[in-house]
Each structure stands twice: as C-alpha cells, then as structure tokens.
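Colleague: Kindly generate the complete structure, drawing on both the sequences and the hints.
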Amino acid sequence: KPSQFFSITSQANHPKEAAMFIDFVTNSLEANDVLFAERGVPISSVVRAHLKPQLDKAQLEMFDYMDRVVADSSPIRPPDPVGHADITNNIYFPQVVDPVLYGQLSPEEGVAILREQASLILAENAE
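By our numbering, the letter at position 67 of the sequence shown is numbered 67, and the numbering carries on one by one without gaps.
Read the hints as simulated data drawn from the structure, not as lab findings.
If a hint is listed, it holds; no wrong ones were tucked in.
Pairwise CB distance ranges, derived in the manner of DEER restraints:
no.	residue 1	residue 2	range
1	3	102	32 to 42 angstroms
2	7	123	17 to 27 angstroms
3	21	102	44 to 54 angstroms
The calculated DSSO-like cross-link candidates involving lysine-lysine, where the alpha carbons are at most 27 angstroms apart (straight line), are:
no.	residue 1	residue 2
4	1	57
5	1	52
6	1	16
All residues carry an ideal CB built from backbone N, CA and C; glycine is no exception.
Modeller: Right, dumping it as structure tokens:
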C-alpha cells in the first residue's frame, strides 16, 4: 500500500487542472528530475527507469527492492468507509476490546455492541 495518495476534493474549482498536476508530478520525467524520488520510489515504471542511472547506492537498493516485490503484490484494498476511525477509536477499543480483556464483558457481548454501534455509525455516514 502506498504511504501517500494524491486526491482532488469534489469541491475543487479546477478539477481538470488538479488532475493534470497530479499526472505531471506522477508521470513527467522533468518533474521527477526535480523531485528525484524525494517522496519514495515513483509508481511509474517509466519514471523509475529514467531515474535509475542517477541513483546513489541506497536509492538503487530501494528501487531494486520495489522491482522485486511487485511480483508478489496485490491490488490495494479500497479505502476504509467514512466512520471507520470513529468505530475504532470510540467503540472498538474503549467499549469492546478493553472491557472484554478485563472480564467486564463476554466476547459475545462485545461482538453484539460492536455490530450494533458500528452499524449505526456506518448508516449515519452513508447518508
């Protein structure tokens, strides 16, 4: 999974230009000559191949590592639904995990609470 994602807000005044900027930063050899893998190994194989002759030993090891692991990688999962952090921080740990671990709730009771509360949060955010 990448450590960073580019995104364009749905309220952007210039979404086409924003997309063009992301494309430029991601795929342009000129832009990547300036960035020089400053934010990690570029996603574009064309950019990686272009930069490789200019890399120092440590950077070359990073690029080579990415070339090796790509064969074993899989598509990334879709992003977590809106409300995921709320469920994790306000329901899962404080209302379920901790009470179950301290014997205040049975695992079955914890699951029931988690399902009920998570369903409410997800339904609220689906609207």
